[in-house]
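Peer 1: Take a look at the letters that make up each chain.
There are 4 protein chains.
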Amino acid sequence: MPKTIKKVGVLTSGGDSPGMNAAIRSVVRTCAYHNIECIGIYRGYQGMIEGDFKEMGPRSVNNIVNKGGTILKSARSTEFRTPEGRKKAHEHLLKAGIDALVVIGGDGTFTGGLIFNTEFNFPVMGIPGTIDNDIFGTSHTLGYDTALNTVVDVIDKIRDTASSHNRLFFVEVMGRDAGHIALNAGIGAGAEEILIPEEDLGLERLLESLQKSKASGKSSSIVVIAEGDKIGKNVFELKDYVEANLPEYDVRVSVLGHMQRGGSPSCFDRVLASRLGVKAVESLLEGKSNYMVGLQSDKVALTPLEQAIKGKTEIDRELLRVSDIMST
Amino acid sequence: MPKTIKKVGVLTSGGDSPGMNAAIRSVVRTCAYHNIECIGIYRGYQGMIEGDFKEMGPRSVNNIVNKGGTILKSARSTEFRTPEGRKKAHEHLLKAGIDALVVIGGDGTFTGGLIFNTEFNFPVMGIPGTIDNDIFGTSHTLGYDTALNTVVDVIDKIRDTASSHNRLFFVEVMGRDAGHIALNAGIGAGAEEILIPEEDLGLERLLESLQKSKASGKSSSIVVIAEGDKIGKNVFELKDYVEANLPEYDVRVSVLGHMQRGGSPSCFDRVLASRLGVKAVESLLEGKSNYMVGLQSDKVALTPLEQAIKGKTEIDRELLRVSDIMST
Amino acid sequence: MPKTIKKVGVLTSGGDSPGMNAAIRSVVRTCAYHNIECIGIYRGYQGMIEGDFKEMGPRSVNNIVNKGGTILKSARSTEFRTPEGRKKAHEHLLKAGIDALVVIGGDGTFTGGLIFNTEFNFPVMGIPGTIDNDIFGTSHTLGYDTALNTVVDVIDKIRDTASSHNRLFFVEVMGRDAGHIALNAGIGAGAEEILIPEEDLGLERLLESLQKSKASGKSSSIVVIAEGDKIGKNVFELKDYVEANLPEYDVRVSVLGHMQRGGSPSCFDRVLASRLGVKAVESLLEGKSNYMVGLQSDKVALTPLEQAIKGKTEIDRELLRVSDIMST
Amino acid sequence: MPKTIKKVGVLTSGGDSPGMNAAIRSVVRTCAYHNIECIGIYRGYQGMIEGDFKEMGPRSVNNIVNKGGTILKSARSTEFRTPEGRKKAHEHLLKAGIDALVVIGGDGTFTGGLIFNTEFNFPVMGIPGTIDNDIFGTSHTLGYDTALNTVVDVIDKIRDTASSHNRLFFVEVMGRDAGHIALNAGIGAGAEEILIPEEDLGLERLLESLQKSKASGKSSSIVVIAEGDKIGKNVFELKDYVEANLPEYDVRVSVLGHMQRGGSPSCFDRVLASRLGVKAVESLLEGKSNYMVGLQSDKVALTPLEQAIKGKTEIDRELLRVSDIMST
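Protein chains in written order, with the working numbering: chain A, -13 to 314; chain B, -13 to 314; chain C, -13 to 314; chain D, -13 to 314.
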């Protein structure tokens, strides 16, 4: 029989994403709603090792639902990869009377949580927080929808200047090894071509596509490139390659970078964060552990952490075809 | 055996919504991709009656994916409600060689399309375009996601001043008879209480909730009210009622109004519009008619227009509970 | 010889405006830069009466330069209008060792500061914080530039739907008795006509202008109306009047309301706030009192508080002409 | 005695900037207001050489006041640098009956206009359109205010992630040889340090400043670097240098790039564009030539093109001091 949970610790770890604060708020208020205590753990697993804790009541999370970043801060912890580090962390949790953990982050965060659970039989629930949308078991990770809006907003600006000067722009977007951001933001921004790691178009195809685009009367074009793209050239080499082969093109490069991780979360991400936080805490109270709470077919659903880590999210291949048709 | 489609007409009708232009672009380019012609019909069914048509090629829809409103304009047509009106419209379509219609709009738009199909056996496909999300058969209508972001963005601004002055704000949002916008944007904006037509909280409950909120140490509050709310008082009467009963509150009212319908569509709405446009045209080419293309469990799916009109979308009751917990 | 200033109190009072937090930050950090102490006074003069103070160091104002509202909160104080109230306030200041005040707000705030100075010979400097831009002695008040951007952004959205439906919109904006917001945002948003308190166009002229607009082929129009406009009708009566006289128009009304006061300040307002805060504190240190720091011809300049209160800011009449030409 | 102007040509040239469309609109409508014709010249001087002209009436510029980029497109023209090219351009103007030119752009644009005037005694007025604010004779160039807002908005997003991870970010912004964007956006975004070409802080000072910042308890920092900065290292070399000397810092680099040139213009830029367009056309009608219209002490004022080109705009050194105090 599971121990009754009386005090939940919550942390954010790995790259931050918009919606993490809304998730923290949801965890804290769900705890308060059920009359259990909640402890904020600063700087992810590193703060757990150092006992960097703070009690959080419903008023501690006022006015953060709309803030980017994470008020609990995030950090990578090499020490948590050692048994000694985890032991220290466990001792700090015990001392603080924490019974269960909600960890918000991505693959690395969940892996840490899973090992911790295995070693100390400590209840852990995961909330997927990353802009990359590369977590199995959820159609959307926290921050992904916001990042898509940030990216299309920026490309809209770039298009103003591209179209004023009849130029070709290569825009590199985030996504680690996944093309979700590139594919969706590319369609949303009306990109001529989208290069993603999941689909190797080959350099020939890119040249063809750009030539066709010129022939069809388009005066300017945007090509969106996922940072993890495997076309064999980085975005600056790609520019050189295209200019060498298609001298009629004057290529500009824009690497969007870290701005994609910040900003006020979209309504979708705020609502999702609120739902996932409720489910994470209530699942712990029901005695569950080692699950990630996520979204499946618009419903909140649980996935074992192990699957969430090992599983591979696929891109929606229908979107590749839509992108192709849209660049007609 | 269905007649081969060679020329598709596209129109927007009813209240405009962000994403309509992206849907028009998608219909036009999908036609071009399949080497069929596309005709833009201005001002909805009224323009059909008047033969207000324009040929559209893939370059006619350059740089509109990110524009609010509809380049084809929209209008209400009383004439189209008469058999004579529809006859004129049919003649114009025949004369122009149009074989099939894609109609973008809400309930009224689909009803018009369905009657037209019944009378003239004319192929019609519907794309749900309305911010209200009140169409059966799709989890999201075009413009809904954008409207949610617009609303939370505005309420974030209102919260700045509410929180600086320790005030209570009543914010009225759109949604016709449905509470989708109010419920989701209310959660997203961290509303203290959300009043929607689907759930009559009663005035007592509102007062209680506000008293509890004061007692819990909250210094300012936002109440989001759906325009179709049936609490028996409009938002200004509600203000008077609350101030009469809770004199400690200084209530301000904000009616968000038409701004909710405009603005550059979110990435989600642009991608959705692109997907739905492709499916609408390709369904016509496959000989289908009288369907609405929509989104179900993240996949594009068809719903008979008749069902789309008659069916009732339900709010997600899980969200009512989430809202309740979040206002702890 | 003026007493050496060792501790400065800072407060915000009256309606909040974007940039107030940036000004608080500037006052706090300028104090720290000069090695003097700074005390935040909550809820304006009311908090001064109640001794609601908090020490502020340079780290107390981290990450607020971009936040709307005021972290020191604002309130109206009827008690401060009484000699007893002001006496209590003075005692609290003395007890806390505060030597001088920086008050951020509008007319009412400065009047309070001036009376307080007269009664207790207490050094006071004012920073103009209001979106209305109605303070003499500064070309820009804090928050005005941000409010203009908020208003044009919203009217851009309204224009999407106005232009899709060929409609006329009346948009009421803030500004108290001044037409600065209406005039500038009206030009910025491409308004057909702008109604401001400083210039009575008369109802006839409005009708004529709308008729001319229709005749010139404009399909939709926006009329921007200052809340303090003296045309003799409120915006809803105006709608009825126009619809009665110009039946070809279908008028919609949008009252923008309090959202105009919130939001993240524009770069201009943040820089202005930073400059004014430095000047306010350094002027106190130089022994000056009873001045407002403001912007004149792009330079920071001092105006006696008395003049700032009594003086009347004029609208730039060149802009009326520009507006007229732009609606050609 | 000057020839009466009956037909004005307008073009945009050089890098595009937000507000150019609003300026085009203003030129076109001011012409219509004075009952003279207006011709849009595409792709700057290159389009002039090729006779790429289009008549523009007041309705041709509907709904562009809020659009970034330039509907007339922009291009660099090497041919216009030759007497033959300019001769062709002149012939096209004569053939089209164009009497005078309004050229919108920066230094290069004005230089071209001045040479053209000298050779053909052709009336020319300039409107300063560039985000860099590096034109003598105007306190603000078109697009500068918008670019500042774009930059602070992006740095706000970067700060979310910087502050979540306690990181140092180097953000490179545009501005050619001028530090206006860096200095103002740096203050607006709360940058720790700002590197601009006009002021060589030296590398030592940067290290000191970062050390002081760490010591003062700041957990994250932003350094804003103008692209024209002359510190002797590009932004990536600077990162390496700082990490080598201050190993406690983990530096990230973000080069904002072309997005700074796009986007919907701020209210300020729209109003400024409207004012400058009126003045440019009316000055031509008064027989003036070879001036740039600009803003001086909030008033529209003329500066001889020759001075506008040769003069040097200085940064406001008060702002350097403000920046220094703000990073306390």
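Keep in mind that the hints are not guaranteed to be accurate.
It does not matter which identical chain is used: a pair holds within one copy or between any two.
[Claimed, not checked] Derived EDC-like pairs (lysine to aspartate or glutamate); straight-line CA-CA distance at most 20 Å:
hint : residue 1 : residue 2
1    : 204       : 41
2    : 81        : 223
3    : -11       : 163
4    : 285       : 302
5    : -7        : 194
6    : 204       : 38
7    : -7        : 23
8    : 274       : 105
9    : 285       : 85
10   : 285       : 310
11   : 204       : 93
12   : 298       : 194
13   : 216       : 194
14   : 73        : 36
15   : 296       : 272
16   : 73        : 190
17   : 225       : 268
In case anyone wonders, no lab produced these hints; they're calculated from the structure.
Peer 1: Each of the hints needs a verdict: does it hold here or not?
Peer 2: Hint-by-hint comparison with the structure:
Proximity of residue 204 to residue 41 under the C-alpha cut-off of 20 Å is restricted to the inter-copy arrangement: shortest distance 18 Å between copies versus 58 Å within a copy. Taking the closest pair of Cα atoms, residue 81 and residue 223 never come within 20 Å of each other, the shortest separation being 54 Å inside a single copy and 46 Å across copies. Neither within a single protomer nor between protomers do residue -11 and residue 163 lie at most 20 Å apart by alpha-carbon distance, with minima of 39 Å and 46 Å respectively. In the homo-oligomer, the alpha carbons of residue 285 and residue 302 lie at most 20 Å apart both inside one protomer (19 Å) and across protomers (9 Å), since each shortest distance falls under that limit.
For a Cα distance limit of 20 Å, the shortest separation of residue -7 from residue 194 qualifies neither inside one copy, at 60 Å, nor across copies, at 29 Å. Taking the closest pair of Cα atoms, residue 204 and residue 38 come within 20 Å of each other only across two copies (18 Å); inside a single copy the shortest separation is 56 Å, beyond that limit. For a Cα distance limit of 20 Å, the shortest separation of residue -7 from residue 23 inside one copy, 5 Å, qualifies, whereas the shortest one across copies, 40 Å, does not. For the identical chains of this complex, residue 274 and residue 105 are intra-copy neighbours only, at 17 Å inside a copy versus 58 Å across copies, given an alpha-carbon limit of 20 Å.
Proximity of residue 285 and residue 85 under a CA criterion of 20 Å is satisfied in neither setting, with 27 Å inside one chain copy and 40 Å between copies. For the identical chains of this complex, residue 285 and residue 310 are inter-copy neighbours only, at 18 Å across copies versus 30 Å inside a copy, given an alpha-carbon limit of 20 Å. Taking the shortest alpha-carbon separations for residue 204 and residue 93, neither the intra-copy value of 41 Å nor the inter-copy value of 30 Å comes in at or below 20 Å. In this assembly of identical chains, residue 298 and residue 194 lie within 20 Å of each other by CA distance neither inside one copy nor across copies; the values are 31 Å within and 47 Å between.
For the identical chains of this complex, residue 216 and residue 194 are intra-copy neighbours only, at 18 Å inside a copy versus 41 Å across copies, given an alpha-carbon limit of 20 Å. In the homo-oligomer, the alpha carbons of residue 73 and residue 36 lie at most 20 Å apart inside one protomer (11 Å), although the nearest pairing across protomers, at 50 Å, exceeds that limit. Taking identical chains as interchangeable, the C-alpha atoms of residue 296 and residue 272 are never at most 20 Å apart, the minima being 25 Å within one chain and 40 Å between chains. In this assembly of identical chains, the alpha carbons of residue 73 and residue 190 never lie at most 20 Å apart, being 54 Å within a copy and 43 Å across copies at closest.
In this assembly of identical chains, the alpha carbons of residue 225 and residue 268 never lie at most 20 Å apart, being 51 Å within a copy and 36 Å across copies at closest.
Figure legend: structure checked against the earlier numbered hints; hints not met, in rising order: 2, 3, 5, 9, 11, 12, 15, 16 and 17.
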